[in-house]
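**Student:** Chains as they are written, first to last, in my numbering: chain P, 164 to 326; chain D, 1429 to 1486.
These are computed hints drawn from the structure, not numbers from a lab. A couple of the hints might just be wrong.
Mimicking DSS-like on lysine-lysine, the simulated pairs with C-alpha atoms at most 25 Å apart in a straight line are [to be verified]:
hint	chain 1	residue 1	chain 2	residue 2
1	D	LYS1441	P	LYS274
2	P	LYS274	P	LYS309
3	D	LYS1430	P	LYS309
4	D	LYS1435	P	LYS274
5	D	LYS1441	D	LYS1430
6	P	LYS309	D	LYS1435
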Amino acid sequence: MNVDAMLRVLNEEQVDYLLIGGMNFLIRHLPELTFDVDIWARDEEENLRRLNRALRRLGAQWGRTEAEWLPVPEDPRWLEWQSVFCLTTDHGALDIFRGVRGLEGQFADCKARSVRAETAAGVACPSLSDRDMLACQEALPPNEQKTRRMEVLREAIRRSETQ
Amino acid sequence: MKSAQLKAEEERKRAAAYDPAQRWQHIQQTITWAEANLPPHLRRNRPRTRGPEERRQP
Chain P
164 MNVDAMLRVL NEEQVDYLLI GGMNFLIRHL PELTFDVDIW ARDEEENLRR
214 LNRALRRLGA QWGRTEAEWL PVPEDPRWLE WQSVFCLTTD HGALDIFRGV
264 RGLEGQFADC KARSVRAETA AGVACPSLSD RDMLACQEAL PPNEQKTRRM
314 EVLREAIRRS ETQ
Chain D
1429 MKSAQLKAEE ERKRAAAYDP AQRWQHIQQT ITWAEANLPP HLRRNRPRTR
1479 GPEERRQP
């Protein structure tokens, strides 16, 4: 998976997004087994249009069923059909969220609290803050929570508060 | 469909639709990328300080 290529295209198309999930945790804290890039896109018509342009450049494919798996359509309205999409792209698996559990309706606030992360290749991306990553985990049922990730996030938050 | 159910169904569909060779290649690339993006002290292929046992060797 070429994570840098995915982030670069999202940036070039000026998509308003936040990097979330395991890849965000990996860039900022510790290695975690993850084979997709998760992004939370601002749920607004023009932004979804930009996102769709980026997805088409990345060779993204999706289908209502696996038998209908095809390149994403030119018309961006398909992105309004669901709150989450798991896509394949030429560069790897990409998950698109229009809403995030535990942070419903808070994209603008989370973006304001986000951290500018940078990959080893120098590609910058807006990264969900530790506090908001923790809020996502806390909103999950206990059996789905990633306890190691939560411990690391709590420790990082505690350290940042004492500095 | 609840969001957790929807996510699970989306992941199932993608896994079924993924070209196996491409998926394997993407996983390998992810491992390489993740390694390069870890802090230096967590990388597997990092220079290590020789320990006391090694230092005793001629």
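**Student:** Is the straight-line distance between the alpha-carbon of D/LYS1441 and that of D/LYS1430 25 Å or less?
**Tutor:** holds, 16 Å
**Student:** Does D/LYS1435 pair with P/LYS274 here, judged by a C-alpha cut-off of 25 Å?
**Tutor:** holds, 23 Å
**Student:** Please verify whether P/LYS309 and D/LYS1435 have alpha carbons no more than 25 Å apart.
**Tutor:** At roughly 17 Å apart (the allowed maximum being 25 Å), D/LYS1435 and P/LYS309 satisfy the hint.
**Student:** Starting from D/LYS1441, check that the Cα of P/LYS274 is at most 25 Å away, please.
**Tutor:** Status violated; Cα separation ~30 Å.
**Student:** Regarding the pair P/LYS274 and P/LYS309, is the alpha-carbon distance no greater than 25 Å?
**Tutor:** Judged against 25 Å, a Cα distance of about 23 Å means the pair holds.
**Student:** Hinted pair, alpha-carbon criterion (25 Å max): D/LYS1430, P/LYS309. Please report holds or violated.
**Tutor:** The given pair, whose Cα atoms are some 20 Å apart, holds under the 25 Å limit.
Hint compliance for this structure: hint 1 is the single one not met.
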